[in-house]
Amino acid sequence: MNDPASKSNWFERVGALLLRKPEDREQLITLLHSAYERDLLDAEALTMIEGVLHVSEMQVRDIMIPRSQMDTIDIGDKPGEFIPFVIETAHSRFPVTDGSKDQIIGILLAKDLLRYYANAEVFNVRDMLRPVVYIPESKRLNILLKDFRGNRNHMAIVVDEYGGIAGLVTIEDVLEQIVGEIEDEYDFDEAGDYIVADTNGYYRVKAIAEIVNFNETLGAAFSDKEFDTIGGYVINRFGRLPKNDESIVIDHFRFTVLRADSRRLHLLKVERIDADSDIGIDETELNPLNQ
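Be aware that the sequence shown starts at 1, since it is given in my numbering, and climbs by one per residue.
Please note that the accuracy of each hint is not assured.
Claimed, not checked - When the alpha-carbon atoms are kept at most 30 Å apart in a straight line, the in silico BS3-like pairs for lysine-lysine are as follows: (1) K101 with K78; (2) K269 with K243; (3) K111 with K78; (4) K78 with K269; (5) K101 with K146; (6) K101 with K139; (7) K146 with K111.
Claimed, not checked - Just the calculated beta-carbon pair ranges, DEER-fashion: (8) A120 with D193: 30 to 36 Å; (9) R126 with R38: 56 to 62 Å; (10) G163 with E226: 42 to 48 Å.
Simulated from the structure, these hints should not be mistaken for lab results. Think of the CB as a built atom: it goes at the ideal place given N, C-alpha and C, for glycine as much as any other residue.
Between the sequences and the hints, there should be enough to build the whole structure, so can you do that?
Right, dumping it as structure tokens:
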């Protein structure tokens, strides 16, 4: 099954398909799955190849972080005021605004804030700003990835057809469509950190958190007979894969999608709803931007 001759023959067939017109893509995917079933490709390689094909069909609007969820810094704030926010969010880059998210004047790299600690008296945020790269919502992800690699930028601001700020996208967002979710050393990753309490009274919950642990931590009573993870349970109640910023109320808990892509649900914001509230149970709230 794994002899060199069979592999050579398979690669010749793939090469022939790649030279054909795009309408043969489904046949190519079928061939890739056949190769996987015959142990010519492992599961990780198959997922990445499918991810590459998927990226070539996607646009920036499909994966961007919407304007409402952008973490920004205002140029009018002093470093001592926004550095705690930088530490809390743990991003490597921040759009810097001048009064509102409609006025983005530059990109601040978190590492450049080290200069503030070296000499706070002469530190000037404006001097640290990198140029803003603007891209349309309709830009193809494969073209964007090529641009990111060519100009060494890792973040772009997305604008709508009227020139307004629609959101942002990073090189990590694009790569995750190919290799899956990328977690760095700042992502909460330990088993005990799948559910994190926020100082504002809500919880950040990874979609892969087990329902049993969710129930124990938040005092819920969700059934784990059909689903093991809270993400699977929430997707089932939506009846589809939800998009960023969509919400649903289930048994006095509001689940808001903080992060999802076209294939997976990653992160949820969970808030307790007062039992006396008149908000309907299992009420789905859609962001107009996602409709």
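Right, here's what the structure says about each hint:
no.	hint	result
1	K101 with K78	18 Å, holds
2	K269 with K243	13 Å, holds
3	K111 with K78	17 Å, holds
4	K78 with K269	29 Å, holds
5	K101 with K146	27 Å, holds
6	K101 with K139	21 Å, holds
7	K146 with K111	25 Å, holds
8	A120 with D193: 30 to 36 Å	32 Å, holds
9	R126 with R38: 56 to 62 Å	59 Å, holds
10	G163 with E226: 42 to 48 Å	46 Å, holds
The earlier numbered hints are all upheld by this structure, with none contradicted.
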